[in-house]
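Trainee: Could you put the whole structure together from the sequences, leaning on the hints where they help?
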Amino acid sequence: MALDASTPWTGYLPSAAWDEAMDVDGRVREPYAKVYSEIDKMSSEDLTARADSLANTYLAQGVTFDHAGEERPFPLDIVPRVVGGDEWEIISPGVAQRVRTLEAFLADVYGSQRCVTDGVIPRRLITTSQYFHRVVSGIEPANGVRVHVSGIDLVRDQHGIWRVLEDNVRVPSGVSYVLSNRRAMSQMFPDLFGAMGVRPVLEYSHRLRAALTKAAPEGVEDPTIVVLSPGVFNSAYYEHSLLARTMGVELVEGRDLETHGGRVYMRTTAGRRRVDVVYRRVDDEYLDPVVFRPDSALGAPGIVHAARLGNVTICNAVGNGVADDKLIYTYMPALTSYYLGEDPILPNVDTWRLEEREAREEVMDRLAELVVKPVDGAGGKGVLIGPAATKSELQAARKNILADPRGWIAQPVIQLSTVPTLTPDGLEPRHVDLRPFAVNDGDDVWVLPGGLTRVALQRGQLIVNSSQGGGSKDTWVLGGVRHRGPVATPESRVEFGGATPVPQSAHPDDYIHGQQQMQQQQQQESRTEESPC
Amino acid sequence: MLSRIAESLFWIGRYVERADNTARLLDVHLNVLLEDPWVDEPAANASLLAVMHVKAGSRVSREEVLSALGTDPKLSSSITGTMGAARDNARRAREVISTEVWESLNTTYMQLGSRSRTPRPHDFFLWVRERAAVVWGLHSATTSRDDAWHFMEVGRSLERADMIARMLMMRSLEGTTGPNWTTLLRSCSAHEAYLRTVRSLVTEERAAEFLLIDRLFPRSIAYNLDKVETTLALIEPGLARNSLTDQARLALGRARTNLEYQSIEDILEDLPVQMQHVQRACAMASDLIRDRFFLPASSVMWSQEAV
Numbered sequence: 001m002a003l004d005a006s007t008p009w010t011g012y013l014p015s016a017a018w019d020e021a022m023d024v025d026g027r028v029r030e031p032y033a034k035v036y037s038e039i040d041k042m043s044s045e046d047l048t049a050r051a052d053s054l055a056n057t058y059l060a061q062g063v064t065f066d067h068a069g070e071e072r073p074f075p076l077d078i079v080p081r082v083v084g085g086d087e088w089e090i091i092s093p094g095v096a097q098r099v100r101t102l103e104a105f106l107a108d109v110y111g112s113q114r115c116v117t118d119g120v121i122p123r124r125l126i127t128t129s130q131y132f133h134r135v136v137s138g139i140e141p142a143n144g145v146r147v148h149v150s151g152i153d154l155v156r157d158q159h160g161i162w163r164v165l166e167d168n169v170r171v172p173s174g175v176s177y178v179l180s181n182r183r184a185m186s187q188m189f190p191d192l193f194g195a196m197g198v199r200p201v202l203e204y205s206h207r208l209r210a211a212l213t214k215a216a217p218e219g220v221e222d223p224t225i226v227v228l229s230p231g232v233f234n235s236a237y238y239e240h241s242l243l244a245r246t247m248g249v250e251l252v253e254g255r256d257l258e259t260h261g262g263r264v265y266m267r268t269t270a271g272r273r274r275v276d277v278v279y280r281r282v283d284d285e286y287l288d289p290v291v292f293r294p295d296s297a298l299g300a301p302g303i304v305h306a307a308r309l310g311n312v313t314i315c316n317a318v319g320n321g322v323a324d325d326k327l328i329y330t331y332m333p334a335l336t337s338y339y340l341g342e343d344p345i346l347p348n349v350d351t352w353r354l355e356e357r358e359a360r361e362e363v364m365d366r367l368a369e370l371v372v373k374p375v376d377g378a379g380g381k382g383v384l385i386g387p388a389a390t391k392s393e394l395q396a397a398r399k400n401i402l403a404d405p406r407g408w409i410a411q412p413v414i415q416l417s418t419v420p421t422l423t424p425d426g427l428e429p430r431h432v433d434l435r436p437f438a439v440n441d442g443d444d445v446w447v448l449p450g451g452l453t454r455v456a457l458q459r460g461q462l463i464v465n466s467s468q469g470g471g472s473k474d475t476w477v478l479g480g481v482r483h484r485g486p487v488a489t490p491e492s493r494v495e496f497g498g499a500t501p502v503p504q505s506a507h508p509d510d511y512i513h514g515q516q517q518m519q520q521q522q523q524q525e526s527r528t529e530e531s532p533c
Numbered sequence: 001m002l003s004r005i006a007e008s009l010f011w012i013g014r015y016v017e018r019a020d021n022t023a024r025l026l027d028v029h030l031n032v033l034l035e036d037p038w039v040d041e042p043a044a045n046a047s048l049l050a051v052m053h054v055k056a057g058s059r060v061s062r063e064e065v066l067s068a069l070g071t072d073p074k075l076s077s078s079i080t081g082t083m084g085a086a087r088d089n090a091r092r093a094r095e096v097i098s099t100e101v102w103e104s105l106n107t108t109y110m111q112l113g114s115r116s117r118t119p120r121p122h123d124f125f126l127w128v129r130e131r132a133a134v135v136w137g138l139h140s141a142t143t144s145r146d147d148a149w150h151f152m153e154v155g156r157s158l159e160r161a162d163m164i165a166r167m168l169m170m171r172s173l174e175g176t177t178g179p180n181w182t183t184l185l186r187s188c189s190a191h192e193a194y195l196r197t198v199r200s201l202v203t204e205e206r207a208a209e210f211l212l213i214d215r216l217f218p219r220s221i222a223y224n225l226d227k228v229e230t231t232l233a234l235i236e237p238g239l240a241r242n243s244l245t246d247q248a249r250l251a252l253g254r255a256r257t258n259l260e261y262q263s264i265e266d267i268l269e270d271l272p273v274q275m276q277h278v279q280r281a282c283a284m285a286s287d288l289i290r291d292r293f294f295l296p297a298s299s300v301m302w303s304q305e306a307v
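For the protein sequence lines, the chains are A and B, in the order given.
Positions 1 to 533 (this note's numbering) are the ones given, in order, by the first sequence.
Positions 1 to 307 (this note's numbering) are the ones given, in order, by the second sequence.
No lab work stands behind these hints: they were computed from the structure.
From the three backbone atoms N, C-alpha and C, an ideal C-beta is built for every residue, glycine too.
Where hints are given, some of them may not hold.
Incomplete in silico selection of chain B near chain A, CB under 7 angstroms [what the hints assert, rightly or not]:
hint: 1; residue: M1
hint: 2; residue: L2
hint: 3; residue: G57
hint: 4; residue: R59
hint: 5; residue: R92
Mentor: Encoded structure:
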């Protein structure tokens, strides 16, 4: 092949997993057609140069996350991930259904526990969950919503089927990267956006603010909303400030809040100001030293009591962690039919509950080919991937499981789908997952079209979390209908004829009286006068 | 506005202004070292560090001065350290300041390392002053004139008055005759304004008057003290007698009128002492503003019960 015929795609080969851009015969899948041809027109240097400029934009904007105390730019890959409109028609209702099930389950757990008496969930499972907080049972949220924001992690298996990997209903993070990724990518590929009809993500902040407003305590007309952040050293601080900024609300830290007489206030230069809705990005355990960790300085003492009195709404509700426990996860299909009377739209990943003796014995035999996860883990911590593990790691895992079977689940290794990703060696397939974000305002569950695609930057790596060296991709959901409105008729056109001319600052006299020439002559004359000297 | 945010804004104002003026100060100093043939450089350097309240021995090399006031990012006295602190505060107040201001501070911070390694310090100083101007320009063009604006304005004006006072103290550095008044006017970007206003050659009295008490020039001490007073009145318009803001305004007003009503000859007679008065007034006002606006009136602590 001649050298100038090579494009960034030269040598791109899908591996064993489902590649979302290309099938095994090297044919480009339909949603990726336009992205493929756009990149095909570039040289590899072009593509790398764009990727560099993308990274520089992020540094300048301060789109960073804190890793081990150091501020790092959040890695954004130059190749977008494209999700076809027809696939989104499965994902979006699937995620919404999941959120409605989780809401119903949480309301039940902190209410009458009907699911236990009906024998759907063993009581033991709830009471042994580390995140079940009896202290909030009986607190009825203002508009019945506990999961205002959720992130349902999805993966695509070898056969291209979307499956739910885990639910996040405590404080799911990452949505700020969806917003800033989109802003950066639309500057990088302006033509593609128009041509492909990518659905916009910008309304997220607006939707979230509306949902938080609706969640205000009863009788509050114009609620004061705040975002509660642990502080500037938190790994997601960028996200907290972006959400506060784009919603137009205050970003507070625990030390800015105080509670008096069952009401929550923030300290301002003009004295105390009442707070009605707290979108908190602080974990339950740190939220209120009165009922949780007494040494926490990140929360506001007494805020849970204020919530119980109905004077403040905490979003997401305290105690949601019981629902995203990975053992409860295994019951989600049953819960969906139990509460909603519907079949689950998105299937789970097959999971062994290691508490059950038969399952445990099978898993122990096949540990080297399975994935073992702690039930309360997040961020890919503690996950053991059997085929990649050493003997001693397997041995340690075996011991951990036998010591605490309630603490672990096992799943088959899922070959996550791959998407072309720019690496130092050119474009290569890399594994990805997807975290769509859903906002529940009490009437409707809205799913942000797109979501955070996380990509494992190392070859073959299956853990995609940013804390494990992962990056992200902008996720383009197709099928956005562009409402341009009807074509304007000639009669309806606005006449600009009467617009006043744009004024110029030049001194009018200069032109009117030919001053310019006189001034120039003056110069010439003086020059001739001077020259004889 | 949240007290914590107000404090960050106040300090962004102070730090950016301080970086700008430190650059001017160092520039003047290097100029003096070049022009004064009888200069005792190590003593002059030490004396300059004393003006900026940096602890040092009695003899200091030029590299040490440049690092302590200019390029050492670990020192809070240096330009790089100051700009870093400004950016740090901006990060904490990210949702209140505009994206433009944040990005200008952030990119400035990221370029500090490479810019400060230039062989010609003058280039670095010029760049710092330009970046400060960019920050002010964007801030002025993108910020509503509410408390967010006022608190930064208070910080900036307070710092400017304080720094001009320090700059004038350079007239009496040890080991050198110090910068002449034309140099001082230039370094405060005041020379041309002075010529247009005073319409005569630079004399000691008139130049000092211009930098001390000119009512219209934005880099005179009185102008900035007055600016802080009026801005504080905007933040807290009520006539609360004897509140902490009133006391702050009182301290500033006293320092200002002292300059305005004393004869210029008397001030010039002991300029360093007079300038220390100004600095003390600024420090006092700064503390009073902190007590009034930034510190919580009462702090609720949750302490664990010990059995």
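Trainee: For each hint, tell me whether it holds in the structure or not.
Mentor: Verification of the supplied hints:
1. At about 5 angstroms, the closest approach between the beta carbon of M1/B and any beta carbon in chain A falls short of 7 angstroms, and the interface hint on this residue holds.
2. Taking 7 angstroms as the C-beta cut-off, the interface hint given for L2/B holds, the closest approach to chain A being about 5 angstroms.
3. Annotation: G57/B was flagged as interfacial toward chain A, and the flag is violated, the nearest CB pair being 35 angstroms apart, outside 7 angstroms.
4. About 39 angstroms separates the beta-carbon of R59/B from the nearest beta-carbon of chain A, more than 7 angstroms, and the hint is not met.
5. The interface hint given for R92/B holds, since its Cβ lies 5 angstroms from the closest Cβ of chain A, which is under the 7 angstroms cut-off.
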